[in-house]
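Based on the provided sequences and hints, a complete structural model is requested.
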Amino acid sequence: MIFAVLVPLLIACFIPLLSKMKHRIHTGIFVFFVPLAIFLYFVRYIGENFTPVRETVNWIPSMGINFDFYLDGLSLLFVLLISGIGALVVLYSIYYLDKQERLGQFYVYLLMFMTAMLGVVLSDNVFVLYTFWELTSISSFLLIGYWHFKERSRYGALKSMMITIFGGLSMLGGFVLLTVVTGTTSIQGMIDQTDTILNSSYLPLILILVLLGAFTKSAQFPFHIWLPDAMEAPTPVSAYLHSATMVKAGIFLVARFSPIFSTYEWFFIIVSLVGILTLCWASYMAVRQTDLKAILAFSTISQLGMIMAMLGFGTQAAVFAAVFHILSHATFKGSLFMIAGIIDHETGTRDIRKLGGLMTLMPISATLALFGTFSMAGVPLPFLNGFYSKELFFGSTLGLDGNILSQAIPYLAVLGSIFTFVYSMYFFFGVFTGPKKLDQLPKKPHEAPIGMHLSPIILVLGVIVIGIWPNLLNGSFLYHAASAVNPATTYYEVSFWHGFTYPPLLMSLAVVAVGTALYLTRRKWETVYGVLPGRLSLNKAYDGLMKRFDTYSDSLTNYYMTGSLKNYMAIILGATFLVTAGVMLYTGGFTISFDNLAEVTIIEVAIILAMIIAAVATIFINHNLAAVLVAGIVGYGVAMLFVIYRAPDLALTQFVVETITVALFLLCFYHLPKLRKRKESARSKWKNASIAISFGAMMTLIGISTHSSRWFDSISEYFLETSYKLGGGDNVVNVILVDMRGLDTLFEIAVLGIAALAIFSLIKWKKNKGEAD
Amino acid sequence: MEIITSILAGILFATAIYNILQKQFLRIIIGTTLLTHGAHIFIFTSGRLKTGQPPVLTEGVSDYTDPLPQALILTSIVISFGVTSLLLVLAYRTSEENNTDNMEELRGNEHE
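Chains A and B, in that order, are what the protein sequence lines are.
Throughout the first sequence, residue numbering follows my numbering, covering 641 to 1413 in sequence.
Throughout the second sequence, residue numbering follows my numbering, covering 1335 to 1446 in sequence.
Hints may be right or wrong, so weigh each one.
What the hints assert, rightly or not - To be clear about the criterion: a stretch of chain A counts as covered by chain B if any three or more of its residues have a C-beta under 8 Å from a C-beta of chain B, and this derived list gives those stretches:
id	stretch
1	1209 to 1219
2	1250 to 1260
3	1290 to 1304
4	1370 to 1381
5	1384 to 1391
Keep in mind the hints are simulated off the structure, nothing from the lab.
All residues carry an ideal CB built from backbone N, CA and C; glycine is no exception.
Written as structure tokens, this is what we have:
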């Protein structure tokens, strides 16, 4: 199983090689076999006696993060969708994408997506699921931006990325909380601890965070705005990622966690409400679109809302209807996307206002679209799977007990379905009937090659086969999927005819009647869009938000990235002071004790006083030469202190180094341009002084605290004892330097060597330049 | 005495930082040397002062001052010498090339 997930990624490694010969063999032909093989591998699991399969490969066992793959009915449904639709989409893309395109990149992204999506639906480990989840967002980003020379493509890619990654991160937060609450990273393990989660005080937060992930990915209101812009991707991608698979990842997530949350009241309220709102809003908006793919995008959003709502209901009938519709939607929407791609390919436009009367020119496409759109509309005919979906949906909205929301749901469902009917008719009749407008088309339309029709034909066959035998897959396949979501599910029989008084049928008939009326009078009520949404636009809100993010982060960065090293230094020192002093205060690190102090002698005090005066004088002396000499006093003072404090080696070194340093200073001073001390503003002076004084005070306090608190013995005893035995030397300081810590000293010499080289080349460089001049 | 040396270290740090926050190269370099001195005194104090003889093993002596801070400081003196020399030459070359010894005049002009 794990191999099956990784196969696309492995094959992707060879695509750059294979795409070298794309002019002889279309790269898609190689790729086609990958999803096909995965489909055939998994299809054998279909059967009445299916039991879940588990496979584990360790990744980070110490943190409980492993490739823990769990194949149950729900995963199987999605795996077969991903691989099955995947194969058809690749087949379609062979005819859709010209050999001039960058095929290598396209198929690498597509295969990357396949692995990611398979990983999402098979992972039992929440963190592995999250990893694959974000990988789907990234591959979607790359595929939407495939034609990156188009501004709209880049915009759409970024938008989808921003919104889905925002959701993904929220979801990760939810997962972390779930892991903390249950102590396990396994989803099945969490389902076993449902009671613990339901009693946790984090429950509302967990629900909201996880649902944010699902809603952004599945383009639910108000996060749906990325999906219409994602239509800039090549049509095979839209059919695959943005209709059949990736956008259903959110559905999958909700379904996966349903066993945990289903008894929680807010789960029902939020998921049902968001789902049904999405259904109504998106189908209403779809009627207004003029781009074929935009109609289909809004249609996809509304259908996802419908599935989401059914998962929110959570009853046996609703869950079964949801699972049934996931399959139906994949078949009819996949075929419609491909038809839209064919129309675009053959006429050169997707603008429905320029299209019309294509029935006689493109009869095969028209027939396929007829089945697709009528199935989507839920027209009551016994050979359209969409009708059964819709009837199951209506059935599930009835008889939900409880609050006002439950009573409103059937009406909202009918309302959403009416608009679904309207845009389906609009799509079909707008493109294929009415007057021909050939003069407006960039290309002279003719029927597409049969290869391009192959995939939609297979999908439409799916629509019809399920339509004629609606129970074909129920026992062996859909039942297992539904029972993974709602364990109480029993076998569910779907039938066409329930009698005239069956409420869902009446709802369907009402939809058809009102829908037809609305479609025919479309011109008359179109003005309503001026009122709702009118000038309200979620897209504008998104754009405004992004623009504000840009300006704010820009001005924030410019505020401190001034290019002035002095300011950087002030910020670094100030921050160091705040953090260090804050931590010391917070942990009670400052202690002052007057025990065990060394005695104070006059001479030391005199030296120290001299040093303090000299150090302070460096600030106030305006004359450079004097400042250098005064700084030298401090250095010699340090050397004298070393003498008094019995550090002969230090004293010697300090004297020598200080002498050379002062000499160097004077040498440089001789060469430096004669410039006066700069005037500073009073404000700047005070700022510098306060940073300096607070930092100095902190160091004093730390120094005293170091002396006052001894928590363990010094390591120095060890050096004193072993200096002679191990190092063979009496001078302990020397033994430490050249023996115990010999490597440090070696590096120290290296640093000096580097400094010497740098100094040498700095001076030499000048000379060469002088010669050149 | 340790408290007095700690205060000395603090004052050295303060004056060093004030100098480092100036615009002129020479001041900044003076600041870094003062910073080194402050750090040395600080480390030295943390090993306690005058607890015994210099850390050179001698017959009949059992108390020595702490050798570890001394080893650390010895390394530091040498390194800081290298750093100061490099900074001096760098300052000299920079001011010669740009005709200024003001840090503020050396910043890039893309934010102006």
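Now the hints, each set against the structure:
no. : hint         : in the structure
1   : 1209 to 1219 : holds (count 3)
2   : 1250 to 1260 : holds (count 6)
3   : 1290 to 1304 : holds (count 7)
4   : 1370 to 1381 : holds (count 7)
5   : 1384 to 1391 : holds (count 4)
Hint compliance for this structure: no hint is broken.
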